[in-house]
Every structure is written in structure tokens, then in C-alpha cells.
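All chains should be modelled from the sequences, with the hints used to inform the complete structure.
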Amino acid sequence: MAHQKKNRNVGIIGIGQTKHSSHREDVNQPELIHEAVSLALKDANLTMKDIDCVVHGNMELFEMVHSPDLWHVLGTGAYGKDSIRITTGGTVGATLSCASDNLVASGMYDIVMAIGFEKLQEGHTTGGITNMACPLWFRKIQAGALTGSSAYDVEREFGLERADRASLMYRIIMDKHASLNPNAHRAFGLDFSQIDDLIRTSPKLVGELKLIEMCSQSDGACCVIYACEKKAKELSKIPVWIRDHITVHKEENFTIFGYDRKYPVLKTHKFAAEQLFKRNGINDPLNYFDVFEMYDPATWWAIDWIRDFFNLQGDEHLRLIEEKEIMIGGKMPINPSGGVIGSNPIGATALVRVAEAALQVRGNAGPHQIPTPVNHALASGFGGTMWTVMTMLEKELNW
Amino acid sequence: MTTKKTAGVEDSYQIEGKMALPYSYFAGRVGSKFITTLRDQKKIMGVKCPACNTVYVPPRQVCDVDFTDIRDAWVELESTGTVKNFTVVRYDDKHLPRKAPFVLALIQLEGAGTPFAHILEECKIEDVRIGMKVEAVFAKETTQTILDIDHFKPAAEKASIHEVNARRKQWVPTDEPAEASTRKGGKPDMSKPVIITAALTGAATMRNQNPSVPYKPEEFAEEAYKCWKAGAAMVHVHAREDGGMATHDHARIKATYDAIKDKCPELIVCLSSAVGMGKTAEQRISQIVYIKPDMASLNTNTMNFGIVDRKTGKIFIDYVFENTFGMLQDFGKVMEENGVKPEIECYDMGGLDNTLMIGKQGIFSDPMNFNFVWGVAGGQQFRTEAFIAMMNALPPKANFTTCGVGMDQYPCIMQSCILGGHMRVGLEDNIRMPNGALAKGSYEQVEVAVNIANCLGRPVATTDEARLIMGLRKR
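One line per chain: the protein sequences are G and P, in this order.
Just so you know, the working numbering puts 120 at position 106 of the first sequence, and the rest follows in order with no gaps.
Just so you know, the working numbering puts 210 at position 208 of the second sequence, and the rest follows in order with no gaps.
I should point out that these hints are in silico values taken from the structure, not numbers from a laboratory.
Don't take every hint at face value.
Calculated pairs, EDC-like style, for lysine to aspartate or glutamate (alpha carbon to alpha carbon, straight line, at most 16 Å) [said to hold, decoys possible]:
1. P:Lys231 - P:Asp466
2. P:Lys399 - P:Glu446
3. P:Lys256 - P:Glu220
4. P:Lys101 - P:Asp152
5. P:Lys194 - P:Asp466
6. P:Lys160 - P:Glu112
7. P:Lys35 - G:Asp40
8. G:Lys244 - G:Asp124
9. G:Lys338 - G:Asp205
10. P:Lys476 - P:Glu268
11. G:Lys95 - P:Asp68
12. P:Lys476 - P:Glu338
13. G:Lys63 - P:Asp71
14. P:Lys35 - G:Glu49
15. G:Lys56 - P:Asp71
16. P:Lys160 - P:Glu143
17. G:Lys63 - P:Asp68
18. P:Lys281 - P:Asp251
Here is the structure:
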């Protein structure tokens with residue numbers, strides 16, 4: 015893919031997140047956003063006066079509000095400022111980050127604020143996703159998350175028992191991580207001893223995909239502030255540098271009801287990762303990165319995607335999980351935040367991946383900070399039927 | 003989902019679908035308080051941004067203009083407002099709150115900075131106009147929504163003060179010694195009209211404090227006219243230069259005086275004989291002789307007249323306002339000789355006593371007109387008992403009005419109105435309304451004074467009545 019060096023470097027200098035939750039009756043949409051914006055401004059020690067441009071994003075129609083960015087000005091602070099709204103489905107948070115990075119790198123703005131938001135308690139997500147769907151005429155139900163086909167794949171390759179156990183192992187690791195993250199929505203306090211029980215008792219949704227393996231529906235907002243190199247160095251003691259990002263999508267037909275070998279699904283992750291690492295000269299991503307914030311809507315996808323992202327062979331990806339190498343303290347900690355399975359305010363979710371990865375690089379993520387130094391971090395976003403966005407973060411400007 | 007033939011096209015089909023769109027949303031704490039106060043107290047609440055003074059109705063948590071957190075800055079609104087725009091809904095649908103046709107109007111409540119949409123009923127659709135006054139009709143049963151205001155209806159037309167005055171009998175002087183004796187007992191004649199004066203500028207109130215302060219003659223004329231329309235019988239004027247400095251320039255003062263008289267011939271104009279800081283006695287009195295206004299202020303005491311931080315006591319401007327016995331005597335004589343009635347300014351009891359003492363020369367014609375001034379840094383603060391003591395010290399035929407600096411303004415004029423005295427308001431004394439908002443002009447404060455008079459059942463004096471009461475020359 016055509017790719018050129020950035021015009022100038024861009025650093026993350028402010029991060030704010032709400033506590034993600036299924037219930038936020040106490041605030042309306044702009045008020046929820048205002049919480050994240052206020053926290054990010056405080057984190058960066060800035061005021062709205064310092065912000066040149068606001069980039070707003072959420073899922074189209076999920077709260078049934080037309081042009082929500084206009085109403086949300088009450089919380090975003092975008093009054094009188096340049097402002098852009100982005101909706102790219104589940105990846106929107108990651109796209110916000112890419113757009114903000116590009117807007118600063120281009121020289122257009124020195125400081126850009128990205129705001130991702132969702133209040134899934136309001137509105138009707140399925141309505142938003144499926145409006146006017148008709149499979150006959152290729153108007154697909156644009157529901158990406160609910161799929162049993164990956165479960166079927168993993169089972170077929172590794173056998174039902176091993177597949178089920180790996181999936182639940184991943185789920186419990188995410189729960190343990192979420193328990194450490196004060197902003198996480200769901201932290202049940204699960205333990206590895208419950209794996210067999212959960213395999214047996216958790217209601218099945220499609221094939222082997224079980225309720226416990228799915229992500230949550232959350233209310234939450236995330237705000238990240240980007241600055242050019244000069245401003246980032248002036249304003250922040252610990253800017254986190256955005257090295258590169260990549261977006262790949264393939265609006266392929268795939269059916270959520272079952273598996274069809276004719277539709278080669280879910281390969282954009284692999285393609286995106288290969289391109290990204292190749293152009294940055296990274297031959298062994300598993301060793302290069304210190305942490306990975308992965309957009310993991312369900313455990314089956316998560317365990318399958320680890321192989322795609324890191325280009326692993328055979329059962330390497332399953333062994334990473336089984337040997338708990340993806341846990342905080344392991345070889346490749348994945349989602350110290352608890353991931354999407356822990357919290358999923360969709361429009362914010364992919365931006366939370368970037369924000370959490372940046373917090374790990376800064377070293378002040380809180381109780382879920384990984385103990386070893388983080389110099390290189392990776393974040394991914396996922397959405398639509400098959401969209402991938404990947405972002406690389408660095409501690410030093412030395413690549 | 004069904005498929006049907008596309009009308010008029012033989013070989014194409016049309017897919018018909020249906021969507022259900024269930025949704026819910028949360029008003030949040032701020033929005034919920036708006037609904038619950040509406041439901042429980044039938045009060046319409048908004049929030050006021052302290053940074054830009056915008057009053058938002060319905061309320062919001064953050065002022066989008068300056069990003070100030072205003073979630074706790076509650077203010078109560080009137081249930082009357084103005085139609086800012088409207089539309090006529092002419093089709094029926096089950097989601098609509100009324101059977102068509104009906105009017106949805108954008109209504110901005112009194113005191114609010116933002117309008118909101120609501121149903122307008124109890125009037126013919128063709129009679130609805132932008133700018134019409136409307137009032138809320140609250141629902142009998144709550145739905146816990148904005149429909150706890152069931153609808154708006156045209157507000158009962160409030161007659162202007164001039165219409166009210168035209169309908170009532172003109173006031174005629176009564177037996178004054180009897181009036182003076184009941185006044186001392188705190189039982190004044192409440193049927194006596196109350197004169198409302200608007201002090202438009204003073205020497206020190208600047209546009210950076212309140213943008214409505216007039217500087218130019220035509221601005222004075224406009225502001226004076228608004229005050230007269232609202233019920234003022236008199237305006238008190240310190241002329242200004244274009245840049246806002248108080249001036250003793252005869253031509254400028256005359257231009258200002260004439261502009262007011264041209265615009266509103268019947269209005270009484272009282273010029274200042276203080277003019278502004280640092281003016282000589284000659285500068286102060288010669289302009290009065292030159293213009294010969296209906297009335298002029300006469301100051302009674304040499305005193306501190308500074309600017310002091312009321313909270314900390316820190317002195318910002320240290321200034322002595324010179325009004326010697328000689329000046330009191332000379333200014334008083336000159337005014338009376340030129341047919342200019344003095345408005346005798348008393349900043350404390352001493353000033354009043356000075357006047358009575360020097361007045362023994364027989365300088366002042368009856369009735370004497372006193373103004374009790376409260377809250378000057380150097381004078382006394384407003385106190386009820388001090389007010390009554392000063393009132394009781396007045397000569398029998400004297401009139402009294404009062405004014406107060408800053409937040410002394412409203413309590414002191416109300417006190418005066420209760421005791422049978424008159425009222426002075428205006429941006430010279432106070433730039434704000436009782437709720438703390440900046441006054442849109444002195445005329446808005448005149449409206450407050452008219453309200454006070456209405457509450458006490460006192461008629462508001464016409465300019466003719468005011469001339470009669472204060473013993474001014476006829477116009």
C-alpha cells in the first residue's frame with residue numbers, strides 16, 4: 015500500500031475516559047461526553063481554548079439522534095471551533111485517532127481533540143445496524159459482532175474441548191484484567207476453576223458462541239488529545255508518539271447465521287498487520303511490542319485474531335493463551351484494560367484501545383499497568399462486516 | 003416485507019418494508035430537575051451562565067459558548083414569554099400531541115436567553131404573530147414530560163402604565179399638614195402618586211460595566227424615552243463625552259438636554275450640579291444657569307466620595323466631594339432665581355440638617371424635594387431606621403425620594419414607596435436587576451419600580467402630577 019513518511023510527528027498529550035457502565039441515567043449524552051472531555055483537558059493541563067479542532071465520532075443512528083455532534087457541542091466544547099464528525103461503524107474510535115493524527119501531522123492544526131462516545135442504554139442498536147436490511151438484494155444486516163463461525167473454525171482445527179477451554183481461558187483472563195481497571199464496565203471476579211462450569215452453563219447464542227464470551231453493551235466516552243511534536247514536547251512530560259496507523263476494509267458478504275466456506279471471512283486483520291509491520295521494518299511483532307490493546311468483541315474472534323495479527327503458525331496462538339502469556343506479566347499482555355469484552359461503548363471502544371495502549375506507554379495506567387517497561391504498543395480497531403484499523407505507539411522518537 | 007409492482011413501470015418491483023424504532027433517552031440530572039420542578043412545583047427552571055450571563059431554558063450542564071460548568075446555577079423563570087417563531091402543523095399523525103391544525107411555537111420565556119418549542123392554543127391560528135406575549139398553562143395531571151406545561155396561550159394584555167394613568171383620576175393636592183402628621187406615624191396616603199426617576203448614567207458608570215449606559219445625546223434621548231414609556235416621570239442626567247467621560251461642556255450638556263426634550267417633551271429632566279469628579283464650583287453651576295433645566299441636584303455636604311472594595315475595605319479611589327455651606331447657599335440661590343427646582347441630595351442626616359440650617363435664610367421655595375442617597379462610599383448604608391429618622395426630620399411640606407448604590411437600590415426604593423415617598427432607579431446607581439442580571443437599561447429598573455408601586459397599590463405619577471407634587475414650573 016502506498017505510504018509516505020509523516021509531515022511531522024504527533025504525540026498524545028491528554029487522555030480522559032468515563033467509567034464505562036450499563037447504566038448512566040444521571041447524565042444525558044453531552045453530559046457523558048463532558049466528563050471525558052473534562053478529564054482529558056485536566057490530564058493535559060489544557061483548557062478548551064487550547065484546542066484547535068474537535069473530531070467527534072459514534073455509531074450512526076445507535077442513539078437514534080440525527081447529527082449528534084451538533085447537540086453534543088454542549089459537552090465537546092466545539093463551539094466556534096473547527097469540528098469534524100466521523101462514523102465508520104465499530105472502528106470509528108480508531109478512525110478518530112487516525113484522523114486526528116493526520117490532521118495534526120498535516121500541519122492543519124497543532125492540537126486536535128478526538129471524542130468517541132456511545133450511550134447504548136439509549137436507542138436501539140439492532141435497529142441502527144439492520145435498518146432496511148434485505149439479504150436477497152445484498153443489503154446485509156451490518157451486524158459484525160455476533161458470529162459463531164469463528165468458533166466453528168477453531169473447533170474444527172483444534173477439537174471442541176481444547177477450543178472451548180481456550181475460549182473460556184481468554185474470557186477469564188479478560189475478566190481478571192477488567193477487575194484491575196476502575197473504568198471497566200464488567201468485572202465478575204471469575205476464576206480459572208470455573209472454566210468447565212461456564213462451558214456447560216453459559217447459554218449458547220450461535221453454535222459454540224456463548225453469552226459469557228460476548229462483549230458488553232456499555233455507556234461511555236473517551237477523549238484523546240493529539241499535539242504536534244513541538245507542542246507535545248512543550249506541554250507534556252510524557253507524550254506518547256504515534257508511529258503509524260493503517261486502515262483496511264473488505265465489505266465482504268458473510269453470514270452471521272452459519273458458516274459458508276465460499277466466503278473467506280475475517281482476513282483484513284492479517285493483511286493490515288502484514289502491511290503495517292513490513293513498512294515499519296518489524297519482522298517479529300510478538301517480540302517487538304510490549305503490549306497489545308486488541309478490539310475483541312467476542313472470545314472466539316479474539317483467540318483467532320491473535321494468530322492473524324502476529325502471523326503465528328500452528329497452535330502458537332492457543333499456547334499463548336493456555337500458558338497465560340497474554341496476561342499482565344506475560345510475554346505479550348493483551349488488553350490489560352479488560353478489552354471490549356470488559357467494556358463496549360462502541361463509538362468510544364476503538365479509541366479506548368488507543369488510549370489504554372498510550373496509558374501503558376506512559377506507565378501510569380493505574381492498577382492494570384503492566385509491570386515491565388512499555389516502549390512499543392499496538393492497538394487495533396474492528397467494525398462493520400470487516401474493517402481493521404491498527405495503530406502503533408512509541409515511547410521514544412527513535413524509529 | 004412485501005413486494006409490489008412499481009406503479010407505472012411494467013417490469014420493476016418495489017420492496018416495501020417497515021421499521022419499528024423503539025428508543026429511550028436519559029435527561030440526566032440537570033434535565034430531570036427541570037422536569038421534576040415543573041411537575042412538583044409548577045416552576046420553570048433554567049440555568050444561568052455566570053461567564054456570559056446567558057439563561058438557558060431548558061437547562062443544560064455546560065454553557066457551549068464558553069464551556070463553563072453551569073449545572074448548579076439554577077434560576078427560576080416567569081411562565082410568560084414571547085413567540086419567537088412558529089409553524090402550523092397541518093397534517094394529522096398519531097405521534098402528534100394535538101389534532102391538526104395546531105400551532106407549534108418557539109417561545110422564549112421572560113428572562114430566558116433561549117427559546118423552546120411548545121404548543122400554542124386558545125387563539126385563532128391566523129392571530130398568531132411573532133412577538134406576541136404568551137403564558138404557560140400547566141397540565142392538570144403530570145406526564146413527567148415537558149407536557150406538564152400543557153400548552154401556551156396568549157398572555158392577558160397588560161395595559162401600559164400610561165393607559166392605566168389615562169383611565170384613573172388625576173391626582174389633586176390635599177391638605178398637606180395633615181399628610182405630614184400621618185406620614186410621621188408611618189401611615190402615608192397611598193393614593194398619592196409615586197414619582198419614578200431614572201438616573202441614566204451618573205458620572206462613573208461606564209459601558210464596560212453595562213453596555214446600555216448612554217454617552218451620546220441621541221442615546222440619552224432613546225434611553226430616556228424608554229424610561230418614560232416604562233413609567234418614569236423624570237430622568238436625572240450627567241452628560242457624557244463620546245468616549246464616556248462626564249463633561250461640564252455647556253454645548254454638550256445642552257445637546258443632551260435638548261435631545262431628551264425633543265424626543266419626549268413632557269419628561270422632567272434633572273441635571274446634575276455635581277457633574278463629575280474634580281469639577282470646579284463654577285463649572286458645576288454655570289451649566290445649570292445656562293440650560294435652566296426643570297430641576298437640578300443640590301449637594302449638601304462635603305464628604306468622602308470614593309471607590310472602596312466593599313469586601314476588603316481596600317481603597318481604590320480616595321476623593322473628597324466638596325460641597326461647602328457657601329456652595330450649598332450659592333447654588334441653592336442661583337437655582338431658585340433661575341426657576342430650577344433643587345433636588346436636595348442628602349447622603350446622611352448631616353446633609354439634611356445642613357440644608358435646614360442654611361435654609362433658614364429663606365433660600366428654598368416650598369415644597370422642598372429631598373433625595374436620600376444610600377450606599378455611597380463616604381455616605382451611609384441603607385438602614386430602615388435611618389431612613390425613618392430622616393423622613394421624620396423633614397419639613398412638613400417636603401417631598402422625599404431615594405436612591406441606593408448597588409444592591410441598596412431595591413430595598414431603599416421599596417421602603418420609600420411604603421412610606422409615601424418616591425423612587426429613583428437607573429444605571430447611575432446600580433447596573434443590575436434584582437436577580438443579579440445586568441439591566442438591559444435603566445428602563446428595566448423603572449419596570450421594577452412600577453411593579454413595587456403596583457404591589458402597594460400606589461398610582462405611578464404622570465409627568466404633570468410629578469410637576470404638581472414637586473412644585474416645578476409648568477412645561
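Right, here's what the structure says about each hint:
1. Restraint check: the Cα-Cα separation between Lys231 (chain P) and Asp466 (chain P) comes to about 15 Å, which is no more than 16 Å; the hinted pair holds.
2. A threshold of 16 Å between alpha carbons decides the hint, and for Lys399 (chain P) with Glu446 (chain P) the separation of about 31 Å lies outside it, so the pair is violated.
3. Between Lys256 (chain P) and Glu220 (chain P), the direct Cα distance comes to roughly 12 Å. Compliance with the 16 Å bound is thereby established for this hinted pair.
4. Distance check on the hinted pair: Lys101 (chain P) and Asp152 (chain P) sit about 14 Å apart at the alpha-carbon level, within 16 Å; holds.
5. Between the alpha carbons of Lys194 (chain P) and Asp466 (chain P) the distance comes to roughly 13 Å, so the proposed pair stays at or under 16 Å and holds.
6. With a C-alpha separation of about 14 Å, the suggested pair Lys160 (chain P) and Glu112 (chain P) falls inside the 16 Å cut-off, and the hint holds.
7. Taken as a hint, the Lys35 (chain P) and Asp40 (chain G) pair is honoured in the structure, with Cα atoms around 11 Å apart against an allowance of 16 Å.
8. A hinted pair counts as satisfied when its Cα atoms are at most 16 Å apart, and Lys244 (chain G) with Asp124 (chain G) qualifies at roughly 9 Å.
9. At most 16 Å may separate the alpha-carbon atoms for a hinted pair to count; Lys338 (chain G) and Asp205 (chain G) meet this at roughly 13 Å.
10. Restraint check for Lys476 (chain P) and Glu268 (chain P): the C-alpha separation of about 10 Å stays at or below 16 Å, so the hint holds.
11. Distance hint between Lys95 (chain G) and Asp68 (chain P) is fulfilled; the C-alpha atoms sit about 12 Å from each other, no more than 16 Å.
12. Simply put, Lys476 (chain P) and Glu338 (chain P) have alpha-carbon atoms about 15 Å apart, close enough for the 16 Å limit, and the pair holds.
13. Restraint check for Lys63 (chain G) and Asp71 (chain P): the C-alpha separation of about 15 Å stays at or below 16 Å, so the hint holds.
14. Restraint check for Lys35 (chain P) and Glu49 (chain G): the C-alpha separation of about 19 Å exceeds 16 Å, so the hint is violated.
15. Between Lys56 (chain G) and Asp71 (chain P) the CA atoms are separated by roughly 14 Å; this keeps the pair inside 16 Å, and the hint holds.
16. Taking the CA atoms of Lys160 (chain P) and Glu143 (chain P), the gap is about 29 Å. The hint is violated against a cut of 16 Å.
17. Restraint check for Lys63 (chain G) and Asp68 (chain P): satisfied, since their Cα atoms lie roughly 9 Å apart, inside the 16 Å limit.
18. For the hint linking Lys281 (chain P) to Asp251 (chain P), the alpha-carbon distance of about 11 Å falls within 16 Å, and the restraint holds.
This entry does not satisfy hints 2, 14 and 16, going by the numbered hints stated previously.
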